[in-house]
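Model the placement of chains B and C on the given structure of chain A, informed by the hints.
Residue numbers (this note's numbering), protein chains in the order written: chain A, 1 to 292; chain B, 1 to 169; chain C, 1 to 793.
Simulated from the structure, these hints should not be mistaken for lab results. Given the structure is predicted, the values throughout are model-derived calculations rather than measurements. Every residue gets a Cβ at the ideal spot worked out from N, C-alpha and C, and that includes glycine. Among the hints, erroneous ones may be present.
What the hints assert, rightly or not - So, partial list: chain B residues that the calculated Cβ filter (under 10 Å) puts toward chain C:
(1) H25
(2) R38
(3) L41
(4) V48
(5) R80
(6) L103
(7) P114
(8) I135
(9) T147
(10) N151
(11) V153
(12) R154
Stated by the list, open to error - Have a look at the derived ranges for each label pair, beta carbon to beta carbon:
(13) V263(A) to D169(C): 40 to 50 Å
(14) G79(B) to P204(C): 43 to 53 Å
(15) D63(B) to E90(A): 24 to 34 Å
(16) P142(A) to A167(B): 19 to 29 Å
(17) E90(A) to P131(C): 53 to 63 Å
(18) E152(C) to P7(B): 23 to 33 Å
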Amino acid sequence: MKPAPFRYARPSTLAQAIALLGEARGEGKVLAGGQSLVPMMNMRLVRPAVLVDVTHLRELTGIAPTGDGGLRIGAMTRHAALMASPLVRERTPLLAEAARHVGHAAIRNQGTLGGSLAHADPAAELPAALVALDARVEVTGPGGERLVRAEELFRGLMATALAPEEILTAVDVPAAPGGWGFVEMARRPGDFALAGIVVVLGRPLPSPPLGGEGGRVVGFGVGDRPLRLRGAERELAGGGIDAEAAARAGAAAARDCDPPSDVHASAEYRRHLAGVLTERALLQAGVRRAGG
Amino acid sequence: MTTSGVPPSERLTVRLRVNGRPVEHAVQARRSLADFLREDLGLTGTHVGCEHGVCGACTVLVDGRSARSCLLFAAQLDGRAVTTIEGLTPAEALSPLQESFRLCHAMQCGFCTPGMIVTATELLADQPAPSTEAIREAIAGNLCMCTGYVNIVRAIERAVAARSQDARR
Amino acid sequence: MPDGAWVGRPVPLKEDARLVAGRGRFVDDLGRPRMLQAAMLRSPHAHARIVAIDTREAEALPGVFAVLTGVEAAARSGPIRPLIPTTAVVPDYCLAVDRARYVGEPVAAVAAVDRAIAEDALERIRVEYEPLPAVVDPEAAIRPDAPLLYPELGTNVVWHDTLTYGAVDEAMARADGVLRERFTIQRYASTPLETFGVIADYDPGTDTFEFWTNDQRPGLTISVLAASLGVPQSRVRLSCPDIGGGFGNKRRPAYLLICALLARRSGRPVKWVEDRIENLTALMHACNGIMDVELAYRADGTLLALSVRDIADEGKNLVTPTQHNLIKLGNIANGYRIPAVRYAAWSVLTNKCPSGANRGIGKPFMCFAVERAMALLARRLGQDPVELRLRNYVTAEQMPYTTPPGARYDSGDYPATLRRALERFGYAERRAEQAAARRSDDRPLLGIGIASSVEPAGTNLASYEIVTGRRAASGSAEAAMVRVEPDGQVRVSLGDPPSGQGYETVLAQIVADELGLSPDAVTVSRGFDSTTTPWLYLSGNYSNKFSVTDVGAVVGAAARVRDKLLRIAAHRLEAAIADLELGGGAVAVRGAPDRRLAFAEIARTAYADVLGLPPGEEPGLEARHAHQNPLAQPVDGERRVRSQLVFSNAAHCCLVEIDRRTGLVKILKYLVVHDCGRELNPLIVEGMVHGATAHGIGAALLEEFRYDAQGQLLTSTFVDYLKPTSVDVPIVDVDRLEHPSPVTPLGAKGVGEGGAIPGPAAVANAVEDALAHLGVVVRSLPITPEQIWRWTR
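Extracted from the complex, chain A is given alone in its bound form (with noise of 0.2 Å):
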C-alpha cells in the first residue's frame, strides 16, 4: 500500500509553507504529525501533489500561558505534549484528558493539535474539547493571520474554514475555571469513539439560578462536526447538578444530535450513547466543579 507520487517540501519558515501551499493551489497538503494523513495516502485516498512537511517550524511551536488564565498553543504541539505538559495540566486538563483518548502512545507522540483539528473527524476528541472550551484557533495565509472561533471552523464532514492556502498555527485556549466532563464510549481503547461528550461548566452563577450560559455540551460522533448540544445546555443551572438534570440534559442531547450510521454503529445507538454519555459527563463535571 504506497501513497502516489508526489512532490515533498521542506519549508524553512511559516512564510514559505503557506508560498507552497498557495503555489500547489488546492493540490498541496500540509504535513504534521501525519497519523491521519499518511494512513489515507498510504491507501491512495488522498494524493496531494505537494506535501508540505511543517515539522522543523518554529512557528508553530510552543505552549504559552496567557493573561486571561488561558494557553496558546503552537499547532505542532504533539498529543503526548499535551499530556505531559504541566500548563495544560494546570490550566486546561480537559486537552489532556481528550488527548489521552486518541489512539496509542505511538500516534500521540507524533500526532498533533493542529493536525486534528484541520483534519476535521467529527469523531475526534480534541475538535470536541475545544469547541467546549470556546478556543480560538489561529489561522494564516497570505493574506496575515485571522482568529477563528473553534465552532465556525467545523464546516463539516472532514471539512473545515481553512482555505487551501492556509495553515493552522495556534489555538488559544481560554481558561475552564468551572467543571469539566469528558466520556466517550469506543469498542476498544484507542479506537475512534462511537460517539462521546465534552462538558465544560461556567462559573456557577449567583442564586437562584437563571437562565443563560452555565456552559457547554459538545458531542463527537454523533454528527458532521463537533456538536453544540443546545437542549443539553439549557439544562445547566448555576446550582449543581442533580442526577434529575442530568437526565434531562441527557434525553435532551439524544434529541439533538445526528449521528451518522457506519459499519461500527447505526445512528439510533450514537443517538442513545450519546444521551447516556451526556448524562455521565455532566455528572463528572459537577463532581469536579464541587472539588471532587
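Leaving out everything else, chains B and C in the frame of chain A:
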C-alpha cells in the same frame, strides 16, 4: 504550475542517526521509514503488518519516543535519531527485557515482537512500576495474533520486578 | 510411557532468542538479485464480466517489466487443482479470465522495480467491466433464481447431501421434547500478523521454478504449481522461511503462479507480499453460516438425537469447498453421547472472498451451536447447565468412544475437566456475585458462561470421499529426517513448516531424549526446503497434526539413527548392543565409561573412515521416516469416517460484566481447563491455549467481515475489522488434566486450536446469562454493544 519541492521521481538526501550511527542516504519522497529501514538499510527486524498505523508491528523509537514507521516518510527524518529493535539488542546476548520475554515465552511467531519490545521499552522508561492494567493498556496498540498477550504482560511484569530488584542492590 | 529427560519440561524456546532480537527471517526479509516487486489489480465489482483489458499504458511506465492478464495466464498455465475435487469442475486460473466473482479478485498483475511503481502501473491498466447481479446471502444463493457464479454448473451449490446415522426420526418422535433453534455465525479470519507472500524465480537454463513463501502446505502446493506450470515436480523448488503465524490462512497457490509467470516473462525474480487490505479483502474468510439445530431429549435431559441443517457460505471457492462442512460433521456431537445424528449440508458459492482454513475450521460454529443448544435446553428444563452436561458427557470409562458419524474419542475425562474448571473458577461464589449485582440498578450486570468442547488433531484426507465420491488423497502422515552430521552434531528436518508453535524446540527435546543429548546439541532446520526436507503430498502445517502425526515421523527417524549409532559403536567397541547405552552425546558400555565413543567419533566412521563400518552397514548416519497415523481409515459402507483422529478436550468458564446502558462487555475472568494428553512442552502448550482463546474472544465480541448488498466489503482495514487487543483478552487462567492418548507415539494430543473452539460459545453463554432475566437469547455472533442494547431496551 508547481515547481517547488522535490519531484516524486527524484531523490533527496536525508541525514539521520539510526541505532546510534550516522546514516546518509538518498530517498524518494514517498519512501516510508519502515521500507527505508528494512530495504535500504537492511534492518529487517522492524516488520510491516498493516501500513495504516493500527497493528504496531512497525513501531520504532524516533528521538526516544515510539512512532509508527509505516506512517513516516524517511525524508521527514532528517536530523532525527531512530532506534529499531536492532538498536535495542546488545551485541552479545539479550537485553534484560528481551531475556524476560524469552523466559516467559512472550512470543510465538515473533512477528509482533520487535514492535512490542519497543513499546515496552518506552513504557518502562516512562513508568518505573506500571500495574498490570497499565501494562495491558500500554501495549493495546500492538496487535498480537498468537499469544493472547498473557505471556507478554507477564514478561513485562517480570522485567519490572527484575529492575526494581537490581535497583535495590 | 517412559519419562524422558527433556520431553514434558517447560524448556524456553530456542527460536525465541532470535525472534526477540528481530533476527527472524520472514519472506519479506528475503531478496534475490535483480528482484522485482509485484502488485495485483483487483476487481472493484463483486460480480462482473471482464470485457476487455488494455495494459499498454501500464507496460509503458518506466520501471515496469511485466504485466499479466487472466487471458494470458490461462494461455500459459493450467487450471489450479482443487484440494477437494468436488463434482463442480470448472477451470479456475490464477487470475480471473472472463469474469470477476468477488471484490478483490485479482484480474491482472504487474512486476516493476518497486512496489510503489507497480501500484502506479495498476492505475494505468484499463479494464472494461460489465457488472452482473451479485449474490451475497447464502440462502439467496441456493434459490433457483439466484445469480450464478458459474452458469455452466447450473447452480451455486457445490455440494448438498444429508447424512443420517442412526434412527433420528424415531428418536425425535419418541422424545419428550425437541429444542429447535437457528444459529448464525459471521465471517471472520485468524489474520496472522505477517501477511501472505512469495518470491518466485525462474531459471531458463534448467527450466526450474523456485519459490520462497510462507505457504503452510508445501506438499500440496508443489503439486498444484507443477501441474499448472507444466513442469515435473522435480523442477519445482519451494522453501519456507520463518512464518509469522498461519492458522491455516496462508495457502493460495494462485499468487505463487502469478509471480512465477511474471518471473518467467520478465526474466527476473518477482516478490509479492500481500498488504493488509488485500489480506482482509481477498485471501480467505472462515465460512459464515446458518445452522438449524434440532435437539431431541428426554425429560430428564438425556440427549436422544441431533439433527442439523448447515449452510456454509464459501464465497468464491472451488479449491477447498466443503472443508468446513466435513469438519463440522466430524465434530458434531461435541463431547456428548448422542445416539442418532443427522447432518444436512450445503456448501454454497457466493460473490465474496473465498473461504479457507482458519483456526478451528468450522468447529467454533459447530461447538457454538451445540453448546448454545445445551444452555437453552438447561433453561427450558430448569436444570443447571452443569448437570445437563454431566448427564450427557461421554465418560472416561466409555473411552474409546465412537460417535455416530465415526469420530473416535480416544481418551479423556470430560466430567472431571468440567468439575475442575468450576471449582477453580469459583462457580458458586461467582453466582452469588451475579445475584448481588443484579439487585442493584447501578452496578453492571454479571454473566457466567460455560462451554466445553472436544478438540481434534490430525485430519484424515480420506474423509473427502464423503463429498467427492472417490478416494484421492487419504490418511494423515508426515515425514522427517534425523541426521548426525559428520561433526557429531544432530540436525532434524520436518516436512511441516512451523508458524509459531515452537517445533524447533519440541523436536530438539524429542530427539534429545531419543539420543541421550541436550536439546542444545540438536539443530532443527528452519522452515522447509523441498530439495532437502523430506515431504509428502500430505506434508504441511494444518489441522493440529503436529503432536499426533509429525512427532511419530521424528521419533521413528531418531530411533533408526539411534539403532545405527549402536550398531556402529558395538562394532567398534566390540561389545553387544544390549550392553551399550547412550548419554551425553556418546555411546558407552554400561559400567565401563572408558569404553566410549562420542557421536563425532562414530560419525567419523560413518562418513569418512568407512572401512571401519560393520560389514554390510551403509555409510552415513541419517535416517528418514514417514509416519502414518494408524487411526485413519477409509470411509466405511455407512459413510462413517474418522475425519479427525485424536481428541483433546477442554472446559471454558467466563465471567463478563455488561454496562446496562451502553451494552459494552468486559471479560472479568476467563478460565480454561484443558486436557491435551501428554504435554511435550508446557510453556508452548499454555501459550497455545492463551492464543487460541483470544481468537475465540475475538470471534465472539469483535471480528466481522461485513458486506453490503452489492458485495462490497465494508471492513477491509484494521480500523474497521477489529482484532482483540491486550485489553480485550483477560489474563487467561489455565489448568490442566493429563490423560495421555493411548494411540499417539508420545501420548500427546493436539493443542493448537483448542481455545478457539469453545471460546465463542463460552462468551455467548456468559452474555446470555447476564441478560437471561430480560429474556435475551443469543443466536448469532459477534455480540456487539449495540446488539446488546437492542436486545435489552
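Open item on the list: Of all the hints numbered above, which does this structure not satisfy? Sort the numbers upward.
Closed with: Hints 1, 3, 5, 16 and 18 are the ones this structure does not satisfy, whereas the remaining hints hold.
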